[in-house]
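A.B. asks: Model the full assembly from the supplied sequences, consistent with the hints where possible.
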Amino acid sequence: MATVENGPAADVVKRPAPMMMVVIAFATVYLVWGSTYFFIRLSVAHIPPMLVGVLRYLFAGILLLAWCVVRGENIFSRGVVGPAFVSGFFLLCGGNGILIWAEQYVPSSLAAVLLASGPIWFVLLDKRQWAVNFRSRSTLAGLVIGFIGVLLLFSERLKGGAVASGVAGASGVAGAGTGLPGISSIALGVLVVGSISWAAGSLYSKYHSAPVSNSVNAGWQMLLAGLVFLPASLVSREWTGFHFRDVPVSSWLAIAYLVTMGSLAGYSAFVWLLQVRPATQVSTHAYVNPVVAILLGVFFAGESLSPVQLLGLVVILTSVLLINLVKYRKKVAAAVGVKLGGKDVAGVRTEAGDVRGSGEVRGAKTSEGMDAGGKGMDAEGEAAGVEKE
5 MATVENGPAA DVVKRPAPMM MVVIAFATVY LVWGSTYFFI RLSVAHIPPM LVGVLRYLFA
65 GILLLAWCVV RGENIFSRGV VGPAFVSGFF LLCGGNGILI WAEQYVPSSL AAVLLASGPI
125 WFVLLDKRQW AVNFRSRSTL AGLVIGFIGV LLLFSERLKG GAVASGVAGA SGVAGAGTGL
185 PGISSIALGV LVVGSISWAA GSLYSKYHSA PVSNSVNAGW QMLLAGLVFL PASLVSREWT
245 GFHFRDVPVS SWLAIAYLVT MGSLAGYSAF VWLLQVRPAT QVSTHAYVNP VVAILLGVFF
305 AGESLSPVQL LGLVVILTSV LLINLVKYRK KVAAAVGVKL GGKDVAGVRT EAGDVRGSGE
365 VRGAKTSEGM DAGGKGMDAE GEAAGVEKE
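Each residue of the sequence shown is one higher than the one before, counting from 5 in the working numbering.
Just to be clear, a hint being listed does not mean it is correct.
Dumping the calculated SDA-like pairs for lysine to any residue here, alpha-carbon to alpha-carbon at most 25 Å [stated by the list, open to error]: (1) LYS131 x VAL84; (2) LYS131 x VAL196; (3) LYS131 x PRO215; (4) LYS131 x TYR211; (5) LYS131 x PHE89; (6) LYS131 x SER121; (7) LYS131 x ARG141; (8) LYS131 x ALA70; (9) LYS131 x SER142; (10) LYS131 x GLY86; (11) LYS131 x SER159.
Hints are computed from structural coordinates only; laboratory data are not their basis.
C.D. replies: Here you go:
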């Protein structure tokens with residue numbers, strides 16, 4: 005994976021991320037996280053939600069940091085704990101923690117619908133990229149179309165009163181229709197807060213992570229989040245009447261999957277992608293994950309895919325293409341706008357700036373959202389003051 009120097013001043017990519025690694029990371033985030041809704045649901049059926057967070061992130065953090073030590077990395081680098089705590093709190097406690105709690109009271113499919121609003125919050129909260137995002141019709145259209153696609157995907161379930169089919173959690177409390185008609189509505193509202201928290205934590209991790217490897221950053225984020233879940237579990241008195249011996253094997257297997265695939269593989273890939281790809285592009289996982297959840301249900305749980313849901317799936321994939329299209333256009337424009345082979349390209353205007361006959365690019369954005377900062381590019385294509393998005 006690419007070596008990235010992180011920090012609040014500038015995020016400079018020392019060498020480009022290998023395309024194959026980017027593809028593998030996106031595939032991991034898309035496919036693995038699409039399956040975690042089911043495994044979270046399976047785990048909270050017999051284990052209290054905050055305890056699920058403790059088990060998942062405490063073990064995952066310890067394992068990942070131990071692996072970093074084996075590789076000879078310094079996990080106690082100066083300034084790593086503070087930013088990791090903030091990122092881990094908003095991402096894993098505020099984002100995933102809320103999801104874990106809410107899946108006691110709302111179906112996982114409905115939770116996926118609300119969390120699919122994540123890319124919208126990325127665009128609204130990423131102040132550094134407002135000038136770029138709000139000028140890109142493809143990005144904005146992709147975000148809107150993607151959310152419409154998710155609503156189409158679950159429209160039949162929403163019309164059928166999905167909220168009324170509450171889920172019995174580890175606490176023995178069921179959702180709406182079982183004596184607590186208001187708790188599912190509260191859970192839906194809290195899920196929106198969780199989606200905002202996830203976007204805020206992602207952006208903070210992108211711009212303020214300590215200058216250490218992404219594995220060390222992710223390890224500390226998960227370990228610290230697990231430690232936050234522990235007092236939350238004690239304060240909520242989840243341990244009252246709970247016994248580990250009563251947990252079936254299926255729930256333990258679900259926890260194992262969440263630790264290894266959901267956190268070690270999926271979350272590590274997500275943190276790395278935030279450093280090498282635009283945040284709005286990484287956020288498309290919120291659209292693809294529900295699609296994966298539906299497909300897994302069709303092929304492995306005997307669920308059916310209606311024509312309306314199939315249309316929603318196509319619309320979602322179209323939105324992902326639109327969001328990525330603007331990045332491709334910028335890449336082509338940058339390739340045309342700079343000197344190639346020692347030859348000047350005069351009078352060519354890029355998407356976000358103009359190119360002078362001397363090869364100087366003023367205020368132009370490259371394919372990865374890099375800003376030439378008005379400092380120009382020389383004949384060899386070397387940029388001064390280039391910053392990653």
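A.B. asks: So which hints don't hold here, by number, going up?
C.D. replies: As far as the earlier hints go, 8, 11 are violated by this structure, in ascending order.
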